[in-house]
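Colleague: Quick mapping for you: the protein sequence lines, in order, are chains A and B. Quick note, the first sequence lines up with residues 342 to 456 if you use the working numbering. Quick note, the second sequence lines up with residues 3 to 113 if you use the working numbering.
Treat the hints with care, as some may be off.
Claimed, not checked - Interface residues of chain A toward chain B, partial, derived using beta-carbon atoms under 7 Å:
hint	residue
1	Asp-379
2	Pro-380
3	Ile-392
4	Ile-401
5	Ala-402
6	Pro-426
7	Thr-427
8	Asn-442
9	Gln-445
These are computed hints drawn from the structure, not numbers from a lab. Owing to the predicted nature of the structure, the values given are computational and were not obtained by experimental measurement. Using N, Cα and C, we set each Cβ at its ideal position, and we do this for glycine too.
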Amino acid sequence: DGGITQSPKYLFRKEGQNVTLSCEQNLNHDAMYWYRQDPGQGLRLIYYSQIVNDFQKGDIAEGYSVSREKKESFPLTVTSAQKNPTAFYLCASMEQGMPSNQPQHFGDGTRLSIL
Amino acid sequence: GNSVTQMEGPVTLSEEAFLTINCTYTATGYPSLFWYVQYPGEGLQLLLKATKADDKGSNKGFEATYRKETTSFHLEKGSVQVSDSAVYFCALNTGGFKTIFGAGTRLFVKA
């Protein structure tokens, strides 16, 4: 079955440490996204990528970095500059072509906590 | 700019009750509209969508009608079950690569 795989499901970060969240998709989608979800709140866009080797900042990119070296993969690094990284992180992808009526497909998320 | 406004939760219902979750939007052009559902500890799943005015999206007993005159896309279900307990997100896309999500509405269904 096609889908999006996020790993790990739970991740712990020490102060001053960078951590990388993995996102892999086998849906052959061009567009990929990272969102942050805080308890009881909606989704906030961190970064998105429309094509390999290209990505754009979303609404809350500070303290995060991404890469898009392969179509299937869009890892997110939470750097030590992100002072409040505890949240649920969701990766998504979307088919290109007619983006206006295409839904986004989501992984099951990674929950990041501070030790 | 484009935005989505949902009714605040939580919404608490008894099993077999009628559900309505209100959603209104502001957008230029003719957006596509979506409802997503998020079960505890999981990502979002598409529940239903509508791509033009007066379209009705439906899935698993849930329905929503795209009302351009009232800029609304309210989610309804005639008889909710305990298994429907989740967070529901209304969303729109105006043709670009970004989808605008509402804040989400948490639904609790009691047996």
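Colleague: Going through the earlier hints one by one, which of them does the structure break, listed in rising order?
Modeller: 1, 2, 3, 4, 5, 6 and 7
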